[in-house]
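Protein chains: 2
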Amino acid sequence: MAKELTDFKNLCVHTITTKPWPIEKAAQEFSAAGIGGITVWRDALAGRDIRKTGNMLRDLNLEVVSLCRGGFFPALTASQREAAIADNLKAIDEAEALGAPMVVLVCGAAPGQSLTESRQQIQDGIMACLEHAAAARVKLTIEPLHPMYAGDRSAINTLAQANDMAEAINSPHVGVAVDVYHLWWDPDLENQIKRCAAHNNLAAFHICDWKTPTLDMLNDRGLMGEGCINLKQIRGWVEETGFNGFNEVEVFSNIYWHQDQQQFLKKITSAYLQHT
Amino acid sequence: MAKELTDFKNLCVHTITTKPWPIEKAAQEFSAAGIGGITVWRDALAGRDIRKTGNMLRDLNLEVVSLCRGGFFPALTASQREAAIADNLKAIDEAEALGAPMVVLVCGAAPGQSLTESRQQIQDGIMACLEHAAAARVKLTIEPLHPMYAGDRSAINTLAQANDMAEAINSPHVGVAVDVYHLWWDPDLENQIKRCAAHNNLAAFHICDWKTPTLDMLNDRGLMGEGCINLKQIRGWVEETGFNGFNEVEVFSNIYWHQDQQQFLKKITSAYLQHT
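Chains F and L, in that order, give the protein sequences. Residue 109 in the UniProt record's numbering is what sits at position 109 of the first sequence, and the numbering runs on without skipping anything. Residue 260 in the UniProt record's numbering is what sits at position 260 of the second sequence, and the numbering runs on without skipping anything.
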């Protein structure tokens with residue numbers, strides 16, 4: 001089991017978690033709560049000067065943990081795949097401007113072709129972005145997604161598959177994100193976390209909970225403690241590897257987005273101390 | 001790839017697929033369409049003399065393929081687990097009365113305990129039913145369920161896990177059901193199908209499709225050809241093992257249940273020939 005959490009310096013909150021707040025408001029509130037990090041979703045940057053926004057975050061003592069998200073490489077036509085690569089190069093530029101050390105990849109899947117084919121296109125797409133990522137000092141972080149998203153969001157559905165790909169690419173500019181929502185059910189999870197870290201690929205750790213029942217496949221995640229994920233155990237496995245990065249709260253929730261966000265942030269910090 | 005399907009003698013339809021029809025109507029319609037098999041859900045037997053219903057099905061030249069469903073063994077208290085075992089013994093009796101050679105198990109999972117614990121309770125529950133199953137000549141068939149059901153419906157989420165358990169129990173009265181909806185995404189599927197058959201555990205093959213998007217986690221399955229499952233390839237893997245059982249159409253669909261069931265049955269037989 002992981003050691004108890006007593007403060008928020010390793011807590012990072014994703015802007016999408018408090019989606020109703022503009023990034024400026026979210027940053028002020030996170031900072032006032034003593035939260036150490038922020039992961040920025042690209043939609044939160046719309047209409048902003050990205051470089052100034054990064055400075056604003058740092059002025060509030062928030063570490064910019066990552067930019068979400070790149071990916072969606074697979075497509076049925078070459079021109080669509082090229083457009084996807086162009087968008088990922090743009091995401092790398094945005095991360096560099098923001099001062100984010102990584103871009104998290106939701107890798108994609110294209111209905112109409114096999115998952116094997118989609119995985120090859122993901123690998124090709126990442127390879128095509130590597131030089132640009134290296135120049136920008138930005139890591140491309142493969143996030144395996146739950147198998148319920150294999151149809152259209154990611155052909156990489158287990159940590160083993162993400163590890164396979166990161167090891168095949170074998171670059172310091174590629175890593176892996178472990179998100180408990182996607183991976184908690186996997187009987188091989190502990191081993192694959194160890195393997196991920198042993199190859200220096202463990203780059204991010206995302207937390208939330210899996211509610212029973214889950215009412216919406218995308219936007220009904222629970223806060224830590226509201227569901228059935230063995231989160232303390234998984235955090236223990238992650239920290240046993242020596243990982244000392246952030247615990248990133250990434251909650252998509254129609255329910256919480258409709259609530260008062262200040263109250264919600266209190267629930268987040270409370271759940272973080274009690275149930276993470 | 002599998003050989004082309006040209007008739008319906010290996011087609012089995014689950015009563016729940018055409019849920020609005022009482023079993024008597026479903027049986028007449030299936031039989032009139034030349035369909036060879038029927039899998040009976042227990043709710044379809046409510047208020048019927050089960051033995052007479054089995055005879056009615058056979059009189060219509062329908063082979064009774066299986067009874068759905070038993071399982072749901074895990075629970076937080078011993079008395080609940082005993083009640084679950086009692087219900088499974090009853091399901092075995094019903095299968096025997098109906099003349100069904102197997103009971104399909106949706107194994108269960110109990111929020112509040114680990115998946116490992118739930119799996120142990122599943123194994124214990126099956127073992128507790130084995131003698132009764134042997135006496136009734138009924139096979140207990142473990143169906144691994146999609147990881148999106150790990151929270152509350154099944155702690156067995158891959159074919160590897162189902163194979164592990166069937167091999168650990170090692171009884172002629174235990175088998176495994178392969179359902180493409182639950183397993184299509186698994187990169188190890190072909191190997192695990194081979195392994196399943198090599199241990200004489202491949203007892204059932206369920207088909208449908210995975211739609212993108214999927215609007216409901218339980219009741220938005222697609223007919224074959226409507227989604228992204230590599231069904232012909234998977235059927236090929238199954239048949240290469242020598243499996244010559246039924247292709248069972250198991251579709252839970254709020255959309256189709258609201259349509260004219262006679263038209264829907266035509267769609268099923270058409271999709272079966274074209275897309276299976």
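In case anyone wonders, no lab produced these hints; they're calculated from the structure. Source: prediction; values computed, not measured. Check each hint, because a few of them may be wrong.
[To be verified] Reference listing, derived: stretches of chain L covered by chain F, where coverage requires no fewer than 3 residues with Cβ under 8 Å from a Cβ of chain F:
#	stretch
1	83 to 91
2	139 to 151
3	211 to 217
By construction, the Cβ of each residue, glycine as well, lies at the ideal position given by its N, Cα and C atoms.
Exercise. Are there at least three residues in the stretch 139 to 151 of chain L whose beta carbon sits under 8 Å from a beta carbon of chain F?
Worked result: holds (count 5)
Exercise. Holds or violated: the stretch 83 to 91 of chain L covered by chain F, criterion of 3 or more residues with Cβ-Cβ distance under 8 Å?
Worked result: violated (count 0)
Exercise. For the stretch 211 to 217 of chain L, do three or more residues have a beta carbon lying closer than 8 Å to a beta carbon of chain F?
Worked result: Result for this restraint: holds, n = 5.
Violation of the numbered hints given earlier is confined to hint 1; every other hint is satisfied by the structure.
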